[in-house]
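**Q** Here are the chains, one letter per residue:
Number of protein chains: 2
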Amino acid sequence: MERLERRVRELEEELGREKRGRGAARARIDTMSAEVTDSNPYSRLMALKRMGIVKDYEKIRTFTVAVVGVGGVGSVTAEMLTRCGIGKLLLFDYDKVELANMNRLFFQPHQAGLSKVEAAEHTLREINPDVQFEVHNYNITTLDNFEHFMDRISNGALEEGKPVDLVLSCVDNFEARMAINTACNELGQIWMESGVSENAVSGHIQLIIPGESACFACAPPLVVAANIDEKTLKREGVCAASLPTTMGVVAGMLVQNVLKYLLNFGTVSYYLGYNAMQDFFPTMSMKPNPQCSDHNCRKQQEHYKKKEAARPKEEVIEKEEEIVHEDNDWGIELVSEISEDELKAASGPVPELPEGISVAYTIPDKEENLITGETVAESEESLEELMAKMRNM
Amino acid sequence: MERLERRVRELEEELGREKRGRGAARARIDTMSAEVTDSNPYSRLMALKRMGIVKDYEKIRTFTVAVVGVGGVGSVTAEMLTRCGIGKLLLFDYDKVELANMNRLFFQPHQAGLSKVEAAEHTLREINPDVQFEVHNYNITTLDNFEHFMDRISNGALEEGKPVDLVLSCVDNFEARMAINTACNELGQIWMESGVSENAVSGHIQLIIPGESACFACAPPLVVAANIDEKTLKREGVCAASLPTTMGVVAGMLVQNVLKYLLNFGTVSYYLGYNAMQDFFPTMSMKPNPQCSDHNCRKQQEHYKKKEAARPKEEVIEKEEEIVHEDNDWGIELVSEISEDELKAASGPVPELPEGISVAYTIPDKEENLITGETVAESEESLEELMAKMRNM
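Line by line, the protein sequences give chains A and B. Under the working numbering, the letters of the first sequence match residues 1 to 393, in that order. Under the working numbering, the letters of the second sequence match residues 1001 to 1393, in that order.
Treat the hints loosely; a few may be bogus.
[Unchecked claim] Below are the EDC-like pairs computed for lysine to aspartate or glutamate, each with C-alpha atoms no more than 16 Å apart in a straight line: (1) LYS299/A - GLU159/A; (2) LYS1305/B - GLU1212/B; (3) LYS96/A - ASP1038/B; (4) LYS1096/B - ASP1056/B; (5) LYS1307/B - GLU1175/B; (6) LYS1096/B - GLU212/A.
[As the list claims (entries may be wrong)] Per the computed footprint, the stretches of chain B lying under chain A, defined by three or more beta-carbons under 8 Å from a beta-carbon of chain A, are: (7) 1196 to 1203; (8) 1292 to 1301.
To be clear, the hints were calculated from the coordinates, so they are not data collected in a lab. Everything numeric in this text was worked out from a predicted model, so none of it was measured. Note that CB positions come from ideal geometry on N, CA and C, so glycine has one too.
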């Protein structure tokens, strides 16, 4: 099999040379250049400097990003980062490519049966040989693997021994999200979470800075109302629906946020939701819960408070003003385009929540037949189960 | 070369069989099934029925969509539709794949030198052999090609002789957009337009129903403010910047709108903008200009008026209420999430516009240093040039 694989690569390369009449598919490039030639894969990215968007685009090469979950969102996320010329990617997944995944971007039918990380690495190396890859074909939630995962997050940067710059959660279940949350709280590692609903028509991304913004254990995950009765969904739903559109939009929002965070341009979003049914994209931010069940989250909150208190005053003023709503112990803040009035006018039943927690928003009642006002949890746990967890805090 | 190509395909197939221990890469599938097995590429799409999102997902196979421009947005658009199991795709482009395109999704370095439509067809057939493809490697704006383009739009559906269901404009210049606009106005063909700004951080999609919504000749293209001084951009910009993120998001919004339109679910957007700098996604709709320079647009407007007048009254009531702003001869309507108050509070200089036209919105003034309030035209023509055209109507 290996011999065959080598032969195909050789043949593909030979064929490529035949067709192009030049060298190998794409040689490594030492220095990113802004030169405007057809053969420069970085010209359109380096143009971001000339356009005044990014100051030092070439800095992208110094960063390491870990992508956990290489499925519908994670694979496209990894491809976008690869094409942007990220320095190093760490990929974690334990699943195999199946034909049932072909309704999402990235994987191809001939890869069915391969491990997702192996197939992804092969494709991504072809696309951009300048990126360094480190792939791990395991489930991060088992004890041994979790320790190894923690170790690689702490030491797996381009310069071995240094931590990665960002961890991206592109997993599809609550347990794996909680494992990433636990690791990042312990390490003080900044990460971004992403999710797509089981009915395929909503999704979100979230930036979590341990101690500064709410972690995944601080509150039930924020969800975008998808106008579907969750009970119906849970009762009949054994196979989640998915769409390449929703997954592509969520991956695009995620990597855009990563680029803005790493390369320091635009406004980095703490939470950005996507409701495909109405093309509604709410943004918001949420403070950490002082009673969070994760003690490392509480520790990070103390660190953050001390750091903030020690900051020179002018620096503090530079920060965007935070509007905390009254009667809101959780500090859920809306920075969405929807107005307070619209929010108040929003209708639909609100799920029963423990005191102090509220659903951040429901969608304004435009079309009666479309709206039920219920929310759909992206995780495999139902909202009820999450609520039960909250009560036990 | 052909012999080599065949050999590689053979070897790839052989390798795939080795690895998977089953048949060919992916056999054709006669009937879409909802069966939940790893080998069913349609299970996650057919699940949309069980989730109550789409009534007849299988109907996707009856539709034909033409994609004009197979670049950063068009290629991903075509891939999404292919993975969704669209019946037939017509692809139009005259460009070749270059390494300079590798900062966007879809094409791979080994395809450099191939025509975009040829390379795209090869990849898309591998992904889904159930889709029919018809590709045209030419520029639609030349006289002969334009006639042929019109003919294929009118006759190129799955059932030869019937018109396509939708035309998608994924081109990067004003001339090609105008050609599509002219063709669709003449044919009464519904189409969707997409665009990404030259600074890579904003984009939009737009649904054009001839006679019902504003065509591309009715008004200057609606643009999403990108907080960049356009003059700087135009002065220095010889090579447009682009990002896989922005292009992926725009392609996702476009195909999501296509699915909603064809499969009749959710709310189809007339205009959806994307400002990546602030994660701002305005929606709106715009009525056609009764003095449009395209006589076929004016003719379609007459048709539409007659059709509307003849509709039974209850049907008319069902339509979403349209709020037309006073002092707005162009009938620009905001259906965005931003409130009237926010709109009034929005600041930043507004470009000088001919009477009766106004920029539909500017972004609320949050961070002074980021906002200049100027808008960036997505087309190759400057806003000034477009305004000059408007004045000559």
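**Q** I'd like to know which numbered hints this structure contradicts. Please list them from smallest to largest.
**A** Those not satisfied are hints 1, 4, 5, 6, 8.
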